[in-house]
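So you can see what is in the structure, the chains are spelled out below.
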Amino acid sequence: MEFSATEIMTVAASRLLKDGTVCFVGIGLPSTAANLARLTHAPEVVLIYESGPIGAKPTVLPLSIGDGELALTADTVVSTPEIFRYWLQGGRIDVGFLGAAQVDRFANINTTVIGAYDKPKVRLPGAGGAPEIASQAKEVFIVLKQSTKAFVDKLPFITSAGYLDGGDAREKAGIPGKGPAAVITDLGIMTPDPVTRELTLTSIHPGVTVEQVKAATGWDLKISPDLKTTEAPQPHELEALRDLQARTAKAHGQSGGGEG
Amino acid sequence: MARLTPLREAISELVQDGNTVALEGFTHLIPHAAGHELIRQGKKNLTLVRMTPDLIYDQLIGSGCASKLIFSWGGNPGVGSLHRFRDAIEQGWPHPLAYEEHSHAALANAYVAGASNLPFAVLRGYTGSDLPKVNPNIRFIECPFTGEKLAAIPSIRPDVTVIHAQKADRRGNVLLWGIVGVQKEAVLAAKRAIVTVEEIVDELDAPPNACVLPRWAVSAVCHVPGGAYPSYAQGYYERDNRFYQSWDAISRSREAFTAWIDRHVRNTADFDEFKRVFAESAKQEAA
Numbered sequence: 001m002e003f004s005a006t007e008i009m010t011v012a013a014s015r016l017l018k019d020g021t022v023c024f025v026g027i028g029l030p031s032t033a034a035n036l037a038r039l040t041h042a043p044e045v046v047l048i049y050e051s052g053p054i055g056a057k058p059t060v061l062p063l064s065i066g067d068g069e070l071a072l073t074a075d076t077v078v079s080t081p082e083i084f085r086y087w088l089q090g091g092r093i094d095v096g097f098l099g100a101a102q103v104d105r106f107a108n109i110n111t112t113v114i115g116a117y118d119k120p121k122v123r124l125p126g127a128g129g130a131p132e133i134a135s136q137a138k139e140v141f142i143v144l145k146q147s148t149k150a151f152v153d154k155l156p157f158i159t160s161a162g163y164l165d166g167g168d169a170r171e172k173a174g175i176p177g178k179g180p181a182a183v184i185t186d187l188g189i190m191t192p193d194p195v196t197r198e199l200t201l202t203s204i205h206p207g208v209t210v211e212q213v214k215a216a217t218g219w220d221l222k223i224s225p226d227l228k229t230t231e232a233p234q235p236h237e238l239e240a241l242r243d244l245q246a247r248t249a250k251a252h253g254q255s256g257g258g259e260g
Numbered sequence: 001m002a003r004l005t006p007l008r009e010a011i012s013e014l015v016q017d018g019n020t021v022a023l024e025g026f027t028h029l030i031p032h033a034a035g036h037e038l039i040r041q042g043k044k045n046l047t048l049v050r051m052t053p054d055l056i057y058d059q060l061i062g063s064g065c066a067s068k069l070i071f072s073w074g075g076n077p078g079v080g081s082l083h084r085f086r087d088a089i090e091q092g093w094p095h096p097l098a099y100e101e102h103s104h105a106a107l108a109n110a111y112v113a114g115a116s117n118l119p120f121a122v123l124r125g126y127t128g129s130d131l132p133k134v135n136p137n138i139r140f141i142e143c144p145f146t147g148e149k150l151a152a153i154p155s156i157r158p159d160v161t162v163i164h165a166q167k168a169d170r171r172g173n174v175l176l177w178g179i180v181g182v183q184k185e186a187v188l189a190a191k192r193a194i195v196t197v198e199e200i201v202d203e204l205d206a207p208p209n210a211c212v213l214p215r216w217a218v219s220a221v222c223h224v225p226g227g228a229y230p231s232y233a234q235g236y237y238e239r240d241n242r243f244y245q246s247w248d249a250i251s252r253s254r255e256a257f258t259a260w261i262d263r264h265v266r267n268t269a270d271f272d273e274f275k276r277v278f279a280e281s282a283k284q285e286a287a
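Those protein sequence lines, which keep their order, are chains A and B. Residue 189 in my numbering sits at position 189 of the first sequence; the count goes up by one each step and never skips. Residue 151 in my numbering sits at position 151 of the second sequence; the count goes up by one each step and never skips.
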């Protein structure tokens with residue numbers, strides 16, 4: 001089956017979520033990927049949204065992180081303070097699944113501002129739940145499209161910590177979670193080097209060249225000597241994804257989603 | 001003690017210029033009608049607090065009601081930017097907007113601290129983030145028992161919190177359900193609280209663990225059916241996602257925004273008239 005770059009990104013991200021994982025889900029691409037995992041190989045994955053639903057099983061993707069569909073299909077709905085205090089800070093989240101406007105080579109995330117903070121060129125929405133999800137989930141997956149605008153040498157602002165300056169900087173800062181385990185894009189998958197923590201291209205999507213990935217990265221991207229080719233999306237994965245998106249478009253008149 | 005009162009009177013009597021005001025509701029039960037009444041009455045110099053400033057805060061900011069914003073995520077969910085919020089921050093229109101920026105976890109904790117009559121909230125948070133560098137209200141303290149470094153931020157203690165709920169009984173006890181966000185904490189953290197409701201009923205019939213705000217913890221209850229629109233009220237109506245999309249075009253230019261606010265909010269007497277004029281606009285658009 002033919003597939004788009006966005007589809008392989010979503011499928012590749014969904015595959016990283018193991019069955020039974022407790023996952024704190026960001027809205028947009030992470031929510032699509034997490035729900036695709038639930039509808040394919042990981043039926044027992046537990047999806048938690050920061051607005052309060054625990055164990056949400058939406059039949060259509062939420063547009064906003066507090067959609068009624070999430071509440072109606074959840075095992076329980078708790079208050080927002082409870083989500084952040086007991087469930088996230090309490091250490092009960094296996095995976096934080098996040099999007100980002102920009103990342104750097106150490107998988108730090110910017111969702112705050114382009115340009116100077118006091119005189120922004122572009123004011124982005126801000127932190128939302130990400131700083132604490134990025135630090136307190138046991139591990140983190142980040143999904144976003146790859147371009148030199150998004151993959152920058154130096155972030156204008158670190159909203160949420162990845163590996164900070166690399167090496168053991170994250171542990172030294174006293175951040176409890178292990179940090180970003182993978183950055184999944186429309187071109188490939190980057191994982192942190194075990195020692196330097198610098199993002200390294202370890203899997204490239206079929207039909208994409210290393211030059212393409214390098215050209216879409218704002219620093220000199222390290223390429224793994226064991227570079228693999230991402231397994232193409234299987235027909236059942238693509239069907240599940242397309243059905244989900246068709247149901248979503250029918251219900252909302254649009255796809256996607258944001259916080260709020 | 002809650003009084004059942006028209007929204008106009010509640011806003012006029014309980015919200016003063018210069019107040020710190022929180023309108024809460026996480027996607028669900030956002031008190032749009034009350035926000036419109038703040039605009040209609042020309043309230044000024046408000047410090048607005050909200051975890052997720054969305055359309056109603058875009059409208060308040062663009063209408064010149066706010067001098068400061070305390071927030072943790074400002075966007076039009078699923079659509080993109082809040083153009084009035086960005087115009088105020090990037091260009092200072094209609095006047096400069098001071099802002100204090102947090103994470104969701106911190107603001108949620110700050111409401112809990114406010115409701116708990118504590119001066120500050122403590123959390124494991126912000127480590128490695130640049131937010132503490134730009135927000136002097138994010139500081140770090142040492143745990144007196146373990147020596148651990150923890151983040152501290154001041155409590156949120158609004159002069160007035162405004163929320164929307166599904167039901168109140170005739171005595172003013174309030175019931176809400178579904179995604180309840182930080183509403184209970186925001187009400188209990190505030191000096192005064194206004195609740196707009198879909199329905200006034202004889203009996204709440206609330207189960208023992210339901211989210212009930214007793215009448216003596218609320219200042220005013222106003223019967224405003226549809227008052228969360230275009231947000232949703234579970235059990236009553238769905239979110240109007242198309243309006244959230246159309247807001248992008250309405251709010252993009254100062255002129256289109258001002259024309260919309262004048263026609264639908266400033267030049268309408270109340271929420272009932274808003275609904276009538278809004279329906280006319282929708283009909284004209286469809287034609």
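Hints listed in this document are in silico derivations from the structure and should not be mistaken for laboratory results. Since we're looking at a predicted model, the values are computed, not measured. Beta carbons: idealized from backbone N, C-alpha and C, even for Gly. Treat the hints loosely; a few may be bogus.
Stated by the list, open to error - Across the chosen pairs, the derived CB separations fall in these ranges:
#1 B:Gln16 to A:Pro43: 52 to 58 Å
#2 B:Arg254 to A:Val122: 34 to 40 Å
#3 B:Ser281 to A:Glu171: 25 to 31 Å
#4 A:Glu171 to B:Asn45: 43 to 49 Å
#5 B:Glu285 to A:Trp219: 45 to 51 Å
Said to hold, decoys possible - Using 30 Å as the maximum straight-line C-alpha spacing, the simulated DSS-like pairs for lysine-lysine come out as follows:
#6 A:Lys250 to A:Lys214
#7 B:Lys44 to A:Lys119
#8 A:Lys172 to B:Lys149
#9 A:Lys138 to B:Lys191
#10 B:Lys149 to A:Lys178
#11 A:Lys119 to B:Lys133
#12 A:Lys250 to B:Lys44
Inset, instruction - Hint by hint, work out which the structure violates, then give me just those numbers in ascending order. - result: Violated hints (numbers, rising): 2, 3, 6, 9, 12; every other hint is consistent with the structure.
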